[in-house]
Amino acid sequence: MTNTAVPATAPEVVDRVIIRFAGDSGDGMQLTGDRFTTSSALYGNDLATLPDFPAEIRAPAGTLAGVSAFQVQISDHDITTPGDAPDVLVAMNPAALHSQIGRVAPRATVIVNGDAFDDRSLAKAGYSTNPLRDGTLDGFTVYEVPMTSLTRGAVEPLGVKTRDAERSKNFFALGLVSWMYTRPVDPTLEWIDKRFATKPTVAEANTVAFKAGHAFGETAELFAHRYEVHPAKLPAGTYTNVTGNTALAWGLVAASQLSGLPLFLGSYPITPASDILHELSRHKNFGVRTLQAEDEIAGIGAALGAAYGGHLGVTTTSGPGMALKSETMGLALNLELPLLIIDIQRGGPSTGLPTKTEQADLLMALYGRHGESPLPVLAARSPSHCFELAIEAARIALTWRTPVILLSDGYLANGTEPWRLPDVASLPDLHVEFATEPNHMNPDGSEVFWPYERDPDTLARPWALPGTPDLMHRIGGLEKEEGSGNVSYDPANHERMVRIRAAKIAGIADHIPEAEVTGDVDDAELVVVGWGSTWGAIDGAASRVRRSGHRVAQVHLTHLNPLPRNLGDVLRRYPRVVVPELNLGQLSRELRAEYLVDARSVTRVRGLPFTAAELELAILDHLEVAP
Amino acid sequence: MTNTAVPATAPEVVDRVIIRFAGDSGDGMQLTGDRFTTSSALYGNDLATLPDFPAEIRAPAGTLAGVSAFQVQISDHDITTPGDAPDVLVAMNPAALHSQIGRVAPRATVIVNGDAFDDRSLAKAGYSTNPLRDGTLDGFTVYEVPMTSLTRGAVEPLGVKTRDAERSKNFFALGLVSWMYTRPVDPTLEWIDKRFATKPTVAEANTVAFKAGHAFGETAELFAHRYEVHPAKLPAGTYTNVTGNTALAWGLVAASQLSGLPLFLGSYPITPASDILHELSRHKNFGVRTLQAEDEIAGIGAALGAAYGGHLGVTTTSGPGMALKSETMGLALNLELPLLIIDIQRGGPSTGLPTKTEQADLLMALYGRHGESPLPVLAARSPSHCFELAIEAARIALTWRTPVILLSDGYLANGTEPWRLPDVASLPDLHVEFATEPNHMNPDGSEVFWPYERDPDTLARPWALPGTPDLMHRIGGLEKEEGSGNVSYDPANHERMVRIRAAKIAGIADHIPEAEVTGDVDDAELVVVGWGSTWGAIDGAASRVRRSGHRVAQVHLTHLNPLPRNLGDVLRRYPRVVVPELNLGQLSRELRAEYLVDARSVTRVRGLPFTAAELELAILDHLEVAP
Amino acid sequence: MSDTVIPVTTRKDWSSDQEVRWCPGCGDYSILAAVQLLMPDLGIRREDVVFVSGIGCAARFPYYMNTYGMHTIHGRAPAIATGLAMARPDLHVWVVSGDGDALSIGGNHLIHALRRNINITLLLFNNQIYGLTKGQYSPTSEVGKVTKSTPFGSLDHPFNPVSVAIGAEATFVARTHDMDRKHMMEVFRRAFEHRGSSLVEVYQNCNVFNDGAFGEITAKQNRDEMLIPLRHGEPIRFGAEGSRGVVIDGQRGAHIVDVADVGEDALLVHDETRSDPSVAFMLSRLARGPHEPTPVGIFRAVERPEYGEGVSRQLAVAQKERGPGDLETLLRSGATWEVG
Amino acid sequence: MSDTVIPVTTRKDWSSDQEVRWCPGCGDYSILAAVQLLMPDLGIRREDVVFVSGIGCAARFPYYMNTYGMHTIHGRAPAIATGLAMARPDLHVWVVSGDGDALSIGGNHLIHALRRNINITLLLFNNQIYGLTKGQYSPTSEVGKVTKSTPFGSLDHPFNPVSVAIGAEATFVARTHDMDRKHMMEVFRRAFEHRGSSLVEVYQNCNVFNDGAFGEITAKQNRDEMLIPLRHGEPIRFGAEGSRGVVIDGQRGAHIVDVADVGEDALLVHDETRSDPSVAFMLSRLARGPHEPTPVGIFRAVERPEYGEGVSRQLAVAQKERGPGDLETLLRSGATWEVG
Ligand SMILES: Cc1ncc(C[n+]2csc(CCOP(=O)(O)OP(=O)(O)O)c2C)c(N)n1
Ligand SMILES: Cc1ncc(C[n+]2csc(CCOP(=O)(O)OP(=O)(O)O)c2C)c(N)n1
Ligand code: SF4
Ligand code: SF4
Ligand SMILES: [Mg+2]
Ligand SMILES: [Mg+2]
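Protein chains in written order, with the working numbering: chain A, 1 to 627; chain B, 1 to 627; chain C, 1 to 340; chain D, 1 to 340.
Any given hint might turn out to be false.
[What the hints assert, rightly or not] Here are the computed lysine-lysine pairs in the DSS-like style, where the Cα-Cα straight-line distance is at most 27 Å:
1) Lys-124/A x Lys-320/C
2) Lys-12/D x Lys-124/B
3) Lys-320/C x Lys-199/A
4) Lys-194/B x Lys-320/C
5) Lys-194/A x Lys-134/C
6) Lys-134/D x Lys-194/B
Just so you know, the hints here were simulated from the structure itself, not pulled from any lab data.
In isolation and in its complexed conformation, chain A is listed as follows (with noise of 0.2 Å):
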């Protein structure tokens, strides 16, 4: 049913709305959410958002395959996810709405471009009937404008051939709903003049469709009426809105300058993590290198062969690639070399959805590799947390002198959130110390390097880069002999040194920080542990099910491996510990196994977050149980 209520004068404030874009591949979906993201970011909202575009490049136009959406969500105070069901669904043509519908909020509004809905372009979408016109929208508001057909009115008088009009048609959406939502104008077209500025007429014609679509909204009588979400109250400081890949890529730049070791990118594309290859590529006054190896192996191979000449080593990639590069990450900790392996996790197994996310590589991280092969194991929480776990990362690697493995994942690889910018200052110093003289004196008082003299404290070994006199030594894949570092097959030498990896790995314990207890730190009935980007969706569940009487304790892990100190007692502390990941449960084994605590799992495996409203459900569940 279409609604014709008279628009109300004031706009009617919410605390909160989540906006869903959603049209073909083609259709700049995914522009369209970012700038109206960006522009509540500039307005001062805290926000979450969530694209979701399919594996294909681009799909044939019209078809459930093609439909490329991106999901927001703003309010006026601090939220941590994008949001469960839309409040308001933006579909640009049928197989968008068809796709989409099933998400949506109850009685949520949904705005339609009702030239898209021709019979072809209905049947293209499996829709026999027009969802428009057989109910099927019941319940919803409903608003049908002719999207296409009142853009190229707005933008042909230009001179712009039609084809090419229609093509701003996403800007007209965008301006109808930032009407609608009474988001400021100008950021959005100061951003069109700047972003087509080498196509001016493109500019001109999406300014103008924008405009259109505001205008639309304010003049046509058929918007029950506009709403106004207040900026959020955060914490003072300057913004910035990031996906986690770019943060990602910034924390890499940071840690290379605290580092003082210019940083050097080896790695191969692949989805979703060739962005960061991207952003780096272009930072070269940062003294930064980027090479687009040939395969997945070369571009860790690099990293390392980089490492031992002194740089910052790092290597981005996702699964797959990760599974090919555990052959030399087995050869980079038995060199001990530092170097950061950066996997951003994708629905697997094998190709599986490369485009969407998942937590199901963290037992490969840990365990991925021939022979005793312990590595530090860190996972990010949100999109901006990639910043600081990139440098956490770096410091864990330089410390230890230990390739160090950073896992994030699709969606906070592409997931945008508001972060407040550090003091620079204030970051950590990562200075490194390199072996300048000889560390041993043979029997015959004759002064050595021997690479493999450790530091007693956190057993790493010097770092004696090459070009450096009198240091040259030779280090390799076969075991090496205690100190001296020459190969050697004697039994219990193997037997020490094996050891010894293990235990400056496991010692790390000792230099990061205690797992921290949020919520019902006291009384809980239930903790619930996580780890990596579930942490959004945790933290809303749980105070949804603190909302509904319950006690609830929280922890999320950053650190893998090693596991913070204190987790164990914490987890004792509670008769109930519920483990919830997107994979068949991962954490919760090695819980299991480390404490001998009955951890129970809440796994979703669908490519997509998780919601709120079903992870509250889960605790609930567990809540029912007698511990």
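Given chain A, put chains B, C and D with the ligands in place with the hints provided.
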């Protein structure tokens, strides 16, 4: 001190003896040990062997690095290990003596090649004074035999060049030891003729040297007395002596015959797995195709391609190669095709100790793939068990249409034991049903083939071979729609498929033997849980512990994923669970996570098997602590 | 397999029910059309054909063919196809790959498949870009290419796929392009008929991330002047009325001349079957990129024992000499003894 | 690094304290000697040299050099060396590899390092066998080779490492052998001096698993007739008093003639610097294996921008144009807003 007692008349009968042959890589110690083993086997002793050679092809003569050793235990009763401390050490040069003397039993007999103890050789071996003179060997019974010169003297008359003549000295040593332990002579003489048929002079030289050694024992008035080890009372049957790698290769040939599928091996050479490739490449008359691929990834890739074509696809490797294969394993499990992945574990991490044994690839086998990617994992317990297990691995792979990982290790690969040949007729039928008809009807009534329409019991998918009319279908690494197998990005479908793949593998537990408990089943104070090649040592240690009055139960696992259905109950039945492993506690980790039992680890990582003695002590220690 | 008369088929019979998911305007569509149109003419059955691919836009190809198919992992298709072709000599195994899939991550498998001369027909869709991952440069991209991963221009000197193949002992090497269906079909047919590994480089336009990369030579109006057709047994000439041609001399290698200047007899007569690959290699160097006159057609097509046949022959000989394997005997092949 | 006068050194200074662990009689010893003897002449410091290797007998090489060294994993040395050379243009990076390491598992890294022209000096010890794993055939073994893994003879057509390198856009390609120290040293020096990737194939005898593989051409008494020395600027001739020579023609490629028959002027004059690699490729095809007259020396040595330099230049330009990177500015490069 050199012994000069007069020889006793009749050989002294002993129930078992451990002999270790040690010399330069070039001295042919492996051959010598092997020969002694075979004649003992033919004589009817039970036995077990442990070859122990350096990673270098041939390190410089006379150096410690170049020492190659071979240990064999022969006995008149059932034994399971090559024994701990040798009763007899044959040392062909100072380096051999120096590197091995530490292992031998107190008051052991030491036979050295006196000619080799010149100053240069002593220095090379790191001796400043001559151990034969400086009291180093006090307490041992030392026989100093000028083997080189005696051999030369015996062989030169044949007109053989001096250097070549000396080459036969290992046969002199063999002859001598054969005399000491009253081994039959003819089998060895016949073998020499066969083995060196193409080089008659060499054959003759070795024969003469062997006889000379034997005669020397007989006549030289220097040996206290000779010994005799009676044949063991083994179950009736035909026996042969096999290494684990040979048994494995034969097991694969058997699986091919039993299933009627041609065998295809895609492999890349790597120690200690290469011999499986070598052995299989000889059996072309069994229709075995072997490809020495360009690398490990191509090896498993080719095997997977062959599997798609209806062959029994196999790939063999060791740790570093396993790491490289992990991405393709993920594809294979997504394609749900049968494939055997065989990992002959060696010392790690990285290149590690290529010729030494270790059990540290278990967690990689279980978890070393991205995404949720469960695979069945099996481990062989003894050289001959590799035969049986190759067939079992094939049974699982073919029945459930899944890759299966089979773990062996360097100790099993090269070690030998007498094997009672199975009755071929009694081997299981592995016959496979291929799909020949459409298995699904479209709404329009047309019949089609759905490659992921599963068997309701096993959840295995149908296997339709290219060449089959009307069943054309496409499979790939992207997530597939349940049933049809078409590419699907649907979240709910992904969740279903991930759980189905997991359920399929977990379900195998209903079709494997339950865990068998041996020893003091009812009232054990402690249960020892082992897996793989530690079986012999654990068994030996457990009986020793029992002799000291304790009650100990044993469980030895062959199936590591899924674990036997009853394992949890079994473990909970005993107050203490002790898990000896040649790693840092990988299986114990699994047991703790699965069953929340406080499994305690006993770990060694020296590149060597456990000795029964050290395990005995470890178990006794655990018996000390209150459960 | 099945009865001996090959059923008559049309393109439709070779098209799967899966909707094609390339960008509108992608060159892959015309290559797919050429293959689907060729198939009915090859006198083979659909069930005896397998398309194997890696990952990439090109690698989606098997889904659209109504044959058997494997969409495998990035770069590994030649290795997987090698096993399949060895195991099943009765099948027709095709490999479809992109320039990244075949020459970046998969380069090693490709050159080893070529030297082994395993019986596969390999189509390399060269669009000089990574399409599926949204536009990074590839091993065939020209130096200085500005892409997402090289905002300041790439530094890597590109591979010439034909040169790489010839250097890797390939027995059949050809080049065609997505704008000329007839030429594609001719070349694909010859590649299919070749016993052993055949590599066909197909210049393919990625209109989203590298549009027009080959326009200078493949656009209708440029072809005469910019494409040098290689025809076995004929002097190599091109241009309006074949006014230009190719000559070879020891000091300068292959180069282009005006036929008027040198006379027809001086032109190099193309011979696909030279056992020495040097002349084919020279021809592969004529153009340094798709903006100079570029040879298309079959560079090299020589006989060499096909790998799979060799394998099968060794099995047959072994069975003939030693009789079919007997398990009993195998287990007893070492020294055995009886315990009573 | 360190003071500017290069200290005078001898072979001893370049030898590590590790005892050499190759089989007695292995050709690797003489290659090691040639390298250790050459080093003092190169005017470089030991601390500025890194030897990187993969796995294999050859790959043990770095342990014996008193320089920096990485003994890495099988096949990956060129990739690891690429990162090191990019990161540290001030170093002299050598890679030592075997025929299996470089051409089997490592083939892809090798060809990509060559096309990028990264500044490494790559010595490929070709013994046509897998030594360390005790004697399986390798990608350079002749067809029909009987080894542990091919008891009935191998079926794989071998690579010609020089052809592969030239097909992969290499800028410096040479061949020498372990029996001629002087020749090795000359060739290694030129390879070292070349800016960019230089590949030197070294025929090396594995006296344990493939003894005499090159005897027909490298044995003192055979060299005159069987080795064809390539000397820049000189007509290519060999044999007693240079009685034989090499000519090229378009139809037959490169072939051997009696100088008496064709006259000296007809001989091909060797030119390392031809930008077109075709003639170098032709020369690489003269011998089908080390039992026919085989060219040794430098096939190709051309200038092309070195990869690491290009990388450094891009950094320098970026810093010049945009100033050294500032973290504050980077974090604020997107849209920002203040919350007060
Ligand atoms: C192991 C692995 N690494 C990387 C990727 C990501 N990836 C998919 S396709 C591709 C390259 C595609 O380029 P090309 O082979 O030229 O095919 P095109 O898309 O251009 O047809 C890459 C890097 C992957 N899927 N798997
Ligand atoms: C990943 C991996 N695969 C296989 C091996 C086993 N391996 C070591 S060296 C080698 C080949 C050696 O041959 P080559 O490279 O020619 O060196 P050579 O020993 O002949 O000098 C192989 C297969 C390994 N160490 N690592
Ligand atoms: S990205 Fe390029 S190659 Fe891929 S489908 Fe689109 S146009 Fe074709
Ligand atoms: S095996 Fe061959 S290559 Fe290796 S060290 Fe011995 S002789 Fe040299
Ligand atoms: Mg491409
Ligand atoms: Mg070799």
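### Message
Run through the hints listed earlier and report the numbers of any the structure violates, in increasing order.
### Response
1 and 3
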